[in-house]
Amino acid sequence: MAEQRFALVTGCGQGGIGEALVKEYARRGLRPIATLLASEPSQHLDEAGIEWFPLDVTRKESVVELRKWVEGLTGGRLDVLVNNAGKGEAKCKWREVAGADKTAYTMTAIDTDVGEVQQMFDVNLFGPMRMVHYFHDLLIQSAGIIVNIGSVGGIVPYVYGSSYNASKAALHAWSNTLRVEMAALEVLTVISGEIGTNILKSDAARQLPQDSYYSPLAQEFEKHVQRVPDTTSRFVYAEQVVAQSLKTVPAAWFWYGKTTSMVRLLDMFGWRTVFDGIFWNMFGLAKLRHGEKMKMK
Numbered sequence: 005m006a007e008q009r010f011a012l013v014t015g016c017g018q019g020g021i022g023e024a025l026v027k028e029y030a031r032r033g034l035r036p037i038a039t040l041l042a043s044e045p046s047q048h049l050d051e052a053g054i055e056w057f058p059l060d061v062t063r064k065e066s067v068v069e070l071r072k073w074v075e076g077l078t079g080g081r082l083d084v085l086v087n088n089a090g091k092g093e094a095k096c097k098w099r100e101v102a103g104a105d106k107t108a109y110t111m112t113a114i115d116t117d118v119g120e121v122q123q124m125f126d127v128n129l130f131g132p133m134r135m136v137h138y139f140h141d142l143l144i145q146s147a148g149i150i151v152n153i154g155s156v157g158g159i160v161p162y163v164y165g166s167s168y169n170a171s172k173a174a175l176h177a178w179s180n181t182l183r184v185e186m187a188a189l190e191v192l193t194v195i196s197g198e199i200g201t202n203i204l205k206s207d208a209a210r211q212l213p214q215d216s217y218y219s220p221l222a223q224e225f226e227k228h229v230q231r232v233p234d235t236t237s238r239f240v241y242a243e244q245v246v247a248q249s250l251k252t253v254p255a256a257w258f259w260y261g262k263t264t265s266m267v268r269l270l271d272m273f274g275w276r277t278v279f280d281g282i283f284w285n286m287f288g289l290a291k292l293r294h295g296e297k298m299k300m301k
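Numbering (the working numbering), first residue to last: 5 to 301.
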């Protein structure tokens, strides 16, 4: 009889990527372990018969408690660790929010609140670092795999997403180095495209500061945070990510979701500023340039 395999997935709130991932691991015969913030409802996991444990990836004590619980449950081993919990920009609705205020953060680079960004990095970058630090030995016991959920936001200069983009670019760089250093484990970095979850709704009321340089674009900004873009189903995404993570030799980077094919092509073969004109037109930034010219007359 084959030995039971275990998959731990962080950030499994209702309607998110994590929920889809744990259900897909269960469908494939693994025993999934989900995590939630203590304040989040768990009915969606309870009804699916999925074990879960409260976790705040920004707190060392919380990660240590989870480690003790998982070690007791699995007998000191772990086959898959998916670092999915994250705090995102509203445009990155595919990210599962795990910050204390459970909100996205969409803002121009020059109007950014650094306190918000520090919280974002604590979840998106330092959270996975904490998880790997405390769980790597359980994974080594099983010659397992670490899956870090990245984003095209870490590849392209998506407007109003500079903070999130920076946190994901940092995650990609760390995950790359982790893969090279950890010969005993597989490390898979997932470059996620537009995946449909609930996070976009959490930032729909955000506005620019009244004195912002971008005030001429206030209406465009409002439309941006309230839009409903075309996305890939989170369940289709989960099928592909789980399948990739269970391969004997998974990819180093796995690109999946709306926009990823185009982004990958342009990033690989385009010039450094290839995205500038695309986003300039998409977000109407020419309106700012026109306004500056009018002031100079």
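It is worth saying that the hints were derived from the structure and are not from the lab.
These figures come from a predicted structure and were not determined experimentally.
Cβ atoms here follow ideal geometry from the backbone N, Cα and C, with glycine treated the same way.
There's no promise every hint is true.
[Claimed, not checked] Subject to a maximum C-alpha distance of 25 Å in a straight line, what follows is the list of computed SDA-like cross-link-like pairs (lysine to any residue):
{"hint": "1", "residue 1": "251", "residue 2": "166"}
{"hint": "2", "residue 1": "64", "residue 2": "52"}
{"hint": "3", "residue 1": "227", "residue 2": "247"}
{"hint": "4", "residue 1": "64", "residue 2": "113"}
{"hint": "5", "residue 1": "72", "residue 2": "50"}
{"hint": "6", "residue 1": "64", "residue 2": "78"}
[Claimed, not checked] If you anchor each label on the Cβ, the simulated ranges turn out as follows:
{"hint": "7", "residue 1": "117", "residue 2": "64", "range": "47 to 57 Å"}
{"hint": "8", "residue 1": "119", "residue 2": "289", "range": "40 to 50 Å"}
{"hint": "9", "residue 1": "244", "residue 2": "19", "range": "32 to 42 Å"}
{"hint": "10", "residue 1": "116", "residue 2": "284", "range": "41 to 51 Å"}
Results for each hint:
Straight-line distance between C-alpha atoms of residue 251 and residue 166 comes to about 33 Å, which puts the hinted pair past the 25 Å bound. Among the hinted pairs, residue 64 with residue 52 is inconsistent with the structure: their alpha-carbon atoms are about 29 Å apart, more than 25 Å. For the hint linking residue 227 to residue 247, the alpha-carbon distance of about 36 Å lies beyond 25 Å, and the restraint is violated. A hinted pair counts as satisfied when its Cα atoms are at most 25 Å apart, and residue 64 with residue 113 does not qualify at roughly 30 Å.
A threshold of 25 Å between alpha carbons decides the hint, and for residue 72 with residue 50 the separation of about 21 Å falls inside it, so the pair holds. The suggested pairing of residue 64 with residue 78 holds, with an alpha-carbon distance near 21 Å, which does not exceed 25 Å. Here the CB-CB span from residue 117 to residue 64 is close to 25 Å, at odds with the stated 47 to 57 Å. Separated by about 26 Å at the C-beta atoms, residue 119 and residue 289 break the suggested range of 40 to 50 Å.
At about 19 Å, the beta-carbon gap between residue 244 and residue 19 misses the expected band of 32 to 42 Å. Between residue 116 and residue 284 the CB atoms are about 20 Å apart, so this pair departs from the stated range of 41 to 51 Å.
Going down the numbered hints, you'll see the structure goes against 1, 2, 3, 4, 7, 8, 9 and 10, while the others check out.
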